[in-house]
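Chain residues, written in single-letter form:
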Amino acid sequence: MDSPDTDWAGVRLHVVTGKGGTGKTTVAASLALALASGGRKVLLVEVEGRQGIAQIFDLPPLPYEERKIAVAPSGGDVFALAIDPEAAMLEYMEMFYGMRSAGRALTKMGIVDFATTVAPGFRDVLVTGKTTEAVRRRGRNGRRIYDAVVLDAPPTGRIARFLNVTHEVAGLAKVGPIKNHSELVNNVVKSPETAVHFVTLLEEMPVQETLDGIAELRAAGLPAGGIFVNMVRESLLPQAALDTAVKGRFDAGELVLGLKAAGVADGAEATAMAEALAEEVVEHAHRTELERAERETLAGAGLKSYELPLLADGVDLAGLYELAETMRTQGAA
Amino acid sequence: MKKPATLDVDAILDDQGTRIIVCCGAGGVGKTTTAAALGLRAAERGRCVVVLTVDPARRLAQSMGLTELDNTPRLVSSPEGGGQLYAMMLDMKRTFDEIIEAHADPERARQILSNPFYQSLSSSFSGTQEYMAMEKLGQLRRSDEWDLIIVDTPPSRNALDFLDAPERLGRFLDGRFIRLLTAPAKAGGRSAFRLLNAGFGLMAGAMTKLLGAQVIKDLQTFVSALDAVFGGFRQRAEMTYQLLQAPGTAFLVVAAPERDAMREASYFVERLAEERMPLAGLVVNRVHVSPAPALSAARSAAAAEDLESRGEHELTAAVLRLHAGRMQLTARESREQEHFSSAHPTVPVVQVRAMSEDVHDLTGLRQIGDLLATA
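First to last, the sequence lines map onto chains A and B.
When the letters of the first sequence are read in order and numbered with the working numbering, they come out as residues 1 to 333.
When the letters of the second sequence are read in order and numbered with the working numbering, they come out as residues 1001 to 1375.
With beta-carbon atoms standing in for the labels, derived distance ranges:
id : chain 1 : residue 1 : chain 2 : residue 2 : range
1  : A       : Glu-322   : B       : Glu-1312  : 23 to 33 angstroms
2  : A       : Ala-299   : B       : Ala-1213  : 46 to 56 angstroms
3  : B       : Asp-1070  : A       : Asp-5     : 48 to 58 angstroms
4  : A       : Gly-263   : B       : Ala-1005  : 38 to 48 angstroms
Here are the simulated lysine to aspartate or glutamate pairs, EDC-like style, with alpha carbons at most 20 angstroms apart:
id : chain 1 : residue 1 : chain 2 : residue 2
5  : A       : Lys-260   : B       : Glu-1312
6  : A       : Lys-260   : A       : Glu-280
7  : A       : Lys-260   : B       : Asp-1306
8  : A       : Lys-190   : A       : Glu-216
9  : A       : Lys-68    : A       : Asp-58
10 : A       : Lys-304   : A       : Asp-5
11 : A       : Lys-260   : B       : Glu-1314
12 : A       : Lys-247   : A       : Glu-279
13 : A       : Lys-260   : B       : Glu-1305
14 : A       : Lys-41    : A       : Glu-66
15 : A       : Lys-190   : A       : Asp-7
16 : A       : Lys-41    : A       : Asp-147
17 : B       : Lys-1002  : B       : Glu-1338
18 : A       : Lys-247   : B       : Glu-1357
19 : A       : Lys-179   : A       : Glu-91
20 : A       : Lys-304   : A       : Glu-325
21 : A       : Lys-260   : B       : Glu-1308
It should be emphasised that the hints constitute simulated quantities derived from the structure, not laboratory data.
In this text, a Cβ means the ideal position worked out from N, Cα and C, and glycines have one as well.
Next comes chain A alone, as it looks inside the complex:
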């Protein structure tokens, strides 16, 4: 059930990263909905223990277990999984070595705590390992269980290190099962089946961090995907008005007439209000100008870019579907 008309046909693992506050989880959730629509099955994974997926879908906290959380437009299911590194480690030991009781002993000794917390390379390899396992998993009919997996990943500053597990683990484990496991992960993460998407706002710091993140990713040989520009405000004013406002030559005179015509105010009150509104227009024009500059900077990265509107009522379930629809229209899914 491939959809060759989208920009990411063939991609099975969508990793979503972004600076804090850019709406990474929102974008990951919407992308999962978008990818699932039309009867596909998608797994949405979170790894930071924040229960962000549960919050955004207005659900009780998710356990460490894949469960269906939403139905996509025109059929299709979104499943979610909150990965707990400790549980992942025990599962891993049981799956590969049949050592459930030893696993419990390790937990009691604080060793699991140690391995998952103190050596973050181990922690990351467990988390990415569980994620890539879901990507590769096949059903009885030999087909993949999930058409796509969306990973709500750590923020931009940590993403390259997080995904570059073999490198992180190499210093610690030169041979042995962890090393082999990390290579398995590596094969998925560095393949054309994976794309790492960046979420940003049209503001200086997130844009800069996005570019830094892309450079870091490329240096590590990891596949950069697209850029999702989030919370974009459409400009309601004609370009000509914005241009004059930026130059500080916006004339409040026309507004006075308009306010009077609309019966909002008259006399001195209309003039004062028009001037206040003109001030607002100038501010808006400056911001629009800055956003234009940031958009250009982003274009320099040479990645596909998608724009998502600012949701007037904040992020809720309806908002997620709206964003998912926008993504599909733009070819992101």
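Starting from the structure of chain A, add chain B where the hints point.
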């Protein structure tokens, strides 16, 4: 609803008894900018200040003249009136290395510094940054060279991890696991698990299977070397923790007027109370205001619709739509803040309005400082 008290920033900065200000909050809310702006303002009011920052955005670092991460406070500005502003970026690995070098003989230090586990722990353990920020804060305070230290907390997943980090590290170092690993070394450096009983044998087998024999060996060397060094480690962490509870410390929770950030702010406020840490107040950054607050969103939208239906004054209609959007935004932001204040009515609040541009220089920081103080 009763309006919360206004946070008097200048009173905190001018109080000579204030020795440490900790800015904490979720990622992306402008913590570092707030810390830097407070630092500059305090210096311009005559105090000798050092701002300790963890991983600032590049432009902000440049705005304070910080170009390298060298773990040394650099003079940023010495305004008239005798005050001084220093700033430094935390280099967590170097801070950690210095602790090792200070506590171990050269041979042992070399052993630890070259161990792969130490390298992993010192450069990427998720608690290391928090721990080292605490350690550095303690060092700066003990040096007594500055009369005010302003620190922004690391952008951790849970931004109060820095409070837990020492305990976690301590728990790890004091744990049974560590004692287990160090025991054989003390018994003459024989195989890690040879002297242990059958229960441990099972576990040792599991460990070796899981991690590989080399890992176990490295880990054991690391732990036994570290164990000898870290006698005073926990004690120092305790001291810094107590320093944070002392009356000379002021915690500022920083947020933006959005649901997630305000929710995090609530969590910090509760957590600080639990830990008996002195909370000074809440800073809400990036608050949107309108120059025309008298015209409500509803009236503005209705007027726009009226003009549009008549096909007149297109520009005014567009401006009214813009204004309606702005008023909606301010209303939503006020609601988020009201939620916070109804849950925490005694916490003083100060708002900093959104600026159209990021801060690039001291002038920008000064402007933020003015907004913080005169809201």
